[in-house]
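Chemist: Take a look at the letters that make up each chain.
Protein chains: 2
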Amino acid sequence: MRTLADLGEFGLIERIRERAGSPSSRDVVLGIGDDAAILRPRAGEDSVVSTDACVEGVHFDWSIQSGRSIGRRALIANLSDLAAMGARPVGFTCALAAPPSLALRRFDAVLKGLLEEAQAWSCPLVGGNLTRASRLHMAITVFGAVPRGRALRRAGLAPGDRIFLTGHLGSSALDRLRAIKGGGSLRHIPVPRLEAGRALGRMKGRRACIDLSDGLGGDLGHLARASGVGVEVDPATLPRTRSFTEGCRRLGFDPLELAVSGGEDYELLFGLDSRLSAAALSRRLNALVTEIGVATRNPGVRGLPTESAWRHW
Amino acid sequence: MRTLADLGEFGLIERIRERAGSPSSRDVVLGIGDDAAILRPRAGEDSVVSTDACVEGVHFDWSIQSGRSIGRRALIANLSDLAAMGARPVGFTCALAAPPSLALRRFDAVLKGLLEEAQAWSCPLVGGNLTRASRLHMAITVFGAVPRGRALRRAGLAPGDRIFLTGHLGSSALDRLRAIKGGGSLRHIPVPRLEAGRALGRMKGRRACIDLSDGLGGDLGHLARASGVGVEVDPATLPRTRSFTEGCRRLGFDPLELAVSGGEDYELLFGLDSRLSAAALSRRLNALVTEIGVATRNPGVRGLPTESAWRHW
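Top to bottom, those sequences are chains Z and F.
So for the first sequence, the working numbering puts the first residue at 7; every next one is plus one.
So for the second sequence, the working numbering puts the first residue at 7; every next one is plus one.
Here chain Z stands alone, though its shape is the one from the complex (with noise of 0.2 Å):
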């Protein structure tokens, strides 16, 4: 079996290089290969920039995944707090940490994951680092750009506000639940909201946004804290699939708790001040949108079964 180590770190970096290509996007001058990459914003443009870790045995686990999926969730993870800024993705780079004995294998197919999730969301790959490390541990930072003044942040709730959500919730948790106790590895992958983020970002009466990636009920009180605002939940609205309910019972667990606490959904959770409707606002950012609640003067999350979020410590 080859292994890293076979390669060598230059050795690595030609093979990275050559797999993500040069990027053909006006917003890079420079890609792979220098002491820094090169960035060209365009007029009118506020930069945004994201970073996240994803490490094995914390974020990751070969024995229910597959190399191609750890890359893939590695970047949809970033590109998740692009969408949740309203922003369109420019780059990324990869911190990566690895042991020398990691099976070449492994190292391609975690790449391919990388490199497919990029070229989907025309977010190339511009530099990175490569290390040994005891554990694979790869830490991506992912540039953005959003309309001068107008990124989508927390904070900016007010009182009568209400509160909506993309898609379905806990499809990731139960996934996880599923492969862990009946073997068998991950099959769901969320998708990045970049498209719905850009179109609530035009809107008028936009407020804070989020995305989910500890949980509900933590995202929420995030939400709600950066505002100094209040939020009433109600949780008969929240949205789940039929299959995730099923799902739930068969393996033993509350849809509802489940749901609420389960993290890497990746929707996008956010407030407006406007009349439109639930079905006006799915139509204008092209995805399932719920209206789950309201913000208040008092502060913190009521309606929920628990505020429990998804703790990495």
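Hints listed in this document are in silico derivations from the structure and should not be mistaken for laboratory results.
One or more hints might be untrue.
No copy is singled out in the list; a pair is fine if it fits within one copy or between any two copies.
[Claimed, not checked] Calculated pairs, SDA-like style, for lysine to any residue (alpha carbon to alpha carbon, straight line, at most 25 Å):
id	residue 1	residue 2
1	K210	V35
2	K187	R255
3	K210	R46
4	K118	S69
5	K187	R138
6	K118	D12
7	K210	H228
8	K187	R74
Dock chain F against the given chain Z, drawing on the hints supplied.
Modeler: Chain F only, in chain Z's frame:
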């Protein structure tokens, strides 16, 4: 002893946020605390982006290094990449992975070093990520800005160009060997050549540039290959201090070999198509500048005892 686990993820984020403060830079619209940071590019500037990782047991070792020095060096490695592009710093993110059992005292010291160095170069912390890992791991991404189309690159050296170097060689390597052999801790902290890099970027006749992170031998090779030329060096000219030479003798190392193969110098190595003397260059770059060789048509690096570079793997 208090550890990271006592504060938890959100407690630590709050601690970092308090200590980092709000960036007062006009480049930063939004710092820590949202899904992403917002930077505002200035008209007529390109963005420069570089990522470096700093891993416990690979890049640093608690037994010979203070937390403050670990933090400072982690950022310096990145700032040096900006210097090599002729860029000014704008801000940085840090994806920090650490064991929950890490002493809070150590964490605070690393953070102090990071933020001290950041403040010295007006490069505020604008975001990041915290996660659990078996060893301390920092992946830093640094953002800079450079006048449009004026970034210094590795490619661009032409036969006949004179090759120059800022500062002295080998101090970091000797300091590390001294600490490992003789006990005690690291004393030497390199200086990122940001001022020299920006001055060089403005000069007529400036060609390719790289910062010395892997050692002169390796980095000269990078520069020559990127430009498709060779380099001929006069080893007698390589700038070393008397105390470096004496230190090498005392510890039993060949001064020339250590100067060429030692890493973490963070000096700038660059080519120039101009008649400027090294003395005139020293004044312009506000740093000692030494002429060490010339670019040639024949590929390869000649005149050095070895082309061995620091290898991470």
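Chemist: Against which earlier hints does the structure fall short, listed by number upward?
Modeler: As far as the earlier hints go, not one is violated by this structure.
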